[in-house]
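S.K.: Please take these sequences and the hints and turn them into a complete structure.
Protein chains: 2
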Amino acid sequence: MNGAQALIRTLVGAGVDVCFANPGTSEMHFVAALDDVPAMRGVLTLFEGVATGAADGYARMAGRPAATLLHLGPGLGNGLANLHNARRGGAPVVNVVGDHARSHKRLDAPLESDVDAIAGTVSGWLRRSLSPADVAADAAEAVAAAARGAIATLLLPADVSWADGAAPADPLPVRPAPQVASSVVAAVAGALASGEPAVLFLGGDVVASEEGLLAAGQVAAGTGARLMAETFPARMVRGAGLPDLDKLPYPPPLALASLAGTVHLVLAGATAPVHFFGYPETPGTPVPEGCTVHVLSAPGEDGVAAVRALADLAAPDAEPALLEAARPELPSGELTPRSMAAVIGALLPERAIVVDEALTSGVGLAELTSGAPRHDWLALTGGAIGGGQPMAVGAAVACPDRPVLAVQADGSAMYTIQALWTQAREGLDVTTVLCDNGSYAILEHELRNVGARSDGERAGRLLDLGGPGLDFVALATGMGVPATRATTAEELADQLRAALAEPGPHLIDAVLPGRR
Amino acid sequence: MNGAQALIRTLVGAGVDVCFANPGTSEMHFVAALDDVPAMRGVLTLFEGVATGAADGYARMAGRPAATLLHLGPGLGNGLANLHNARRGGAPVVNVVGDHARSHKRLDAPLESDVDAIAGTVSGWLRRSLSPADVAADAAEAVAAAARGAIATLLLPADVSWADGAAPADPLPVRPAPQVASSVVAAVAGALASGEPAVLFLGGDVVASEEGLLAAGQVAAGTGARLMAETFPARMVRGAGLPDLDKLPYPPPLALASLAGTVHLVLAGATAPVHFFGYPETPGTPVPEGCTVHVLSAPGEDGVAAVRALADLAAPDAEPALLEAARPELPSGELTPRSMAAVIGALLPERAIVVDEALTSGVGLAELTSGAPRHDWLALTGGAIGGGQPMAVGAAVACPDRPVLAVQADGSAMYTIQALWTQAREGLDVTTVLCDNGSYAILEHELRNVGARSDGERAGRLLDLGGPGLDFVALATGMGVPATRATTAEELADQLRAALAEPGPHLIDAVLPGRR
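Chains as they are written, first to last, in this note's numbering: chain A, 1 to 516; chain B, 1 to 516.
Keep in mind the hints are simulated off the structure, nothing from the lab.
Treat the hints with care, as some may be off.
To give an idea of the chain B side of the interface with chain A (calculated C-beta under 7 Å), a few residues [unchecked claim]: (1) Pro23; (2) Leu46; (3) Ser113; (4) Val287; (5) Gly383; (6) Glu446; (7) Val450.
Here the structure is a predicted model, which means the values were calculated and not measured.
The beta carbon of each residue, even a glycine, is placed where N, CA and C say it ideally should be.
M.R.: Have a look at this one:
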C-alpha cells in the first residue's frame, strides 16, 4: 500500500470522508488512490479558494473537518484567504498540501517556495510527512488536532505519496470540550445579581446550539441581562421559538451606542468585541470604559454547558422570552435591500442554511428573517471577502437534505465566482441571491468613515464595478448554473420561489439601486 | 501632507506610476490620494491574483516595477501565486499592503493575521512603515530594492497612511547590473575551445535582448556550441532575423534526451535546469552526469555584456545563423492544437506580445511562430497557473501601442478569469485564444507520468472540466469582453484576424479535441 492510499484510508477511518480538491502533478497519486477508497468523496473546485471556503462551510454544518487537496505553496496561497476565515471562526479543516518529492526538494525547482511559512500563518497544527511509514499516523494526528477547532496542515511530499510501505492508522480519541469551572459560573452569577446593567455576549458554540440560546434566554429573563451575539458568528441557529438576539452592529458608532452604559460584559463562546478596523478619533473597541469583562466560556470550551449551569444558578425558575413565528408580507415594487430582505424573510424555507455575504445589501435581512422557521446562519467570520459562494458549496455537501440560500454581494462574489461551477457539477441545492448594486458599496461608506476627504473621480473609479457592468446571469449560466434577473420585488419573489422549489443550484441577479 | 499622499508622490517620482489595486477599508486614504496625484494610474482588478499577475506582466515589458495595492494578509494571500511567478522570473514588483492602524494592531481584530510571514515568503525586501515621517523614505527604498529584480513589500498601517506629517522622498540611485569578471569569460571561452559538446543555456536578460541573442548566435557559429533557452523565460525576443533557439523541453524524458552527451553546459542568465517535478526512477535534473556546468552570468548580472564579451573572445569573426522570415500556411479543417498554432503563426502581428499559458495545447506553437515578425514571448516562470490573463493585462498597460495575444489553457484560465473584466474596463488591446479542451489535460498526462496506476472514473472526474462544460463566450461577455467561438481552423483565422484588427479586448474560444 502506498502513502496516498494509507493516508486516505486513515482520513476516512477518522471520519474525514470529503475532500475539496485542486490537484496538480505532485498530488496525482492521491487522486489515483481515490479509486481505491470509494468512501472518500472527491469534490473538484476550479480554484483553491473555493476548496478552502467549502471546507469551512462544510465544517460549520457537519461539525467535523473535510480535507482539502492543494498543490504546493502557490496552491495553498490561493486558499489562504478562506482558511483565514475558517481559522477566525474556529472551523476544523485538514489540509493536505502536496509538495515536491523529498529528493527533489533541494533542487529549488520552479514551484519551490516556503510552503511551511505560508502554512504556519493559518495552521494550529503543521507537519511534513517524511516517510510512507509515518504518513498515516501523521494524518490521524492532523484529524485529532483539527477536531479541537483548528486548521491542521499536512505537507505531503510526492514520493511519500507514491512509495509503498504504508499502512492505515487508527483514529485518535477526540477529547470532549473542556468544562468551565463552577467557580467561574458562580462569579458570573454574582455579577449578574448586582442588578447593574449587564450584557450576555454570545458566540461560538453557544449561538450554534438551540440549547445554548434557550439557556441564555433564561438567564436574560431571570436577571435582566441583555442578550447580544457577536457580529459575525460562524454558525447561528435562528428563527421562531428561540430568544430574540441582536448582533453587535458592525459600524463603530452603532456598536459603541449598543454597549453604552454596560457595566458587566459576560462572554459566552465569544471573545471581547473589537471594531473591524481602526478609525481616526475612535476607540478600538466598543466596550465602555469601566465595564468589567467576565469570561464565562472561551472559544473551545463547553459554552453551552456553562450557560446552562449559569441559568440553573442565576435564573432557575425563569422562562425565556421567545420569538413568535412571523414573516414579513411579500413586498411589491422597486427592489431595494430592504424589499429584498422582506422577500427572503417571507419565503425562507424551513431548515434553510443561509450563507450571508450580503455586506451593505444585508440591511434588514436579520430583522426580517428573525421570526422565520428555524434555520442556520453562516457569517463571514474573518472578513476575507469571497467566502460566501464557497461556504455554500461546503454547507450543501454537508447537508444534502437542506436548502442553502446564499445572499451574496456582487464585488465579493467575484473573488471566488468559480464556486458556481462546483455547485453545478455536484448538483448542490444552493440558491444564490446576488445583490447587484454595481459597486464596492461598503468601500464607498468606508471612504467616508475613515475621514478620507475625496469625492474625486479617480478614487471613485476604484470603488465602482461599472464600466463594464458585470452580467451575473451570463457568468452563472457560463458555469452551468441556471440564472434569472429580478428588478422588482415581485420578480424576486417569483424567481426565488421557483428556484427553491427545484433541486440543484440557481442564481438570481437581484438588481439593486446603484446598478439601475 | 498625509502618509498616503507622500507615498504615492514618492512612487511616481521613482518611476512607479501604475498601481494595480484591490483596496479595502485600510487602504481608503491611499485611494483618496489618487485624486491628488494624477500621475499615478490606478487600475482596479476584481481579485488580487489579477493585480499581482498584472504587475508581473507589466514589469517584464516595462523593465520597471508597478505597484500593487492589497488588503491585509488575506489580500496578499490571494495575490501570492502570481507573486511567486514574478519572484521566479526576477520581475520587480512593489507591493503596498495595507494593514491595521498601529493602535488597532494588538487588538487581534478579525482580519488580523501574520501578514509579515506571508509577505516574507515572496519578498526580497520587506518593511512595515511605522510613522508618516518614514513612509516616503521606505517607499524609495522599496523601489530601489525592486529594481534589482526583487519583490519589495511595504506594509502600510492605516494610520500611517492617514496621519499628517509626511513629505515625499527623492528616488534612490539605481545601480547598474554587476559586470561579469573577464576571467570568467576567458574560462568559458577556454572550455568552448576544447571542441567537446557544449550547450550555451540562455535565460533572463540574455533572451530578453536582441543583442544578447545575436551575440549568443555568434558564439554558436564560431565554436559549434548549441544554443538552448530555459523552458519558461520571463521574456524572450523571437522571430525572423534572430538565431533559432529551442527551449529545453518540459517533459523529463525529452529534456534528458536534449542534453544527452553535453560535456559543457554554459549558463548565461539562466540557472542550471532541473525538472519541474520529481518522478519515480528519474533523476531530478536533465544535466548529464559528468557534464561541467559553467556560470557565465547568473541572474541579476549583466548577461548581455558577458555573452557579447564571450563572442568577441571566442568567435570574433563568426556570423550568427539567423532565422528567415517564414510563416506557416493558413490551415483548414479541424481545429487541433497544431492547426491552432499554425493559424497563430500565420497571423501573428508585428511587435506582438505573446502571453503563453497554453500548456499542453501549446504543442507546435513555438515552432510555428519562430519565423514570424519580431515579437516578445512571456512564459509562466514559476509554474503557478493563472498567470496568463493577468500578465496580459500588465503587458498591455505597459505597452499600449502593441498588440497582446494571450494563448490560454482553459483550466488555468479559471484561476484568474476576473482579469477579463479589467481588460474590458481599461480597453486593453488583448486578444485571448482560449484553448478549450475541456480538461486539465496536463494532469491527465502527469497521472501517467508519475506512474500512478489509475484509469478509474473517480480519479478522472478530478481532471475533467466537463459536467458542466465551461462556456467561455458567456464568461467573457459577462465581463464585457466581446467573444466568439471557433471550431475549425478557418473560423479561428477569421475571428483572430477580426479581433486583431479591432482595438480593445477580445476572446476566441478555440474548441479543441477533448471538448468536441
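S.K.: Need the list of violated hint numbers for this structure, in ascending order.
M.R.: Result: hint 4 breaks, nothing else.
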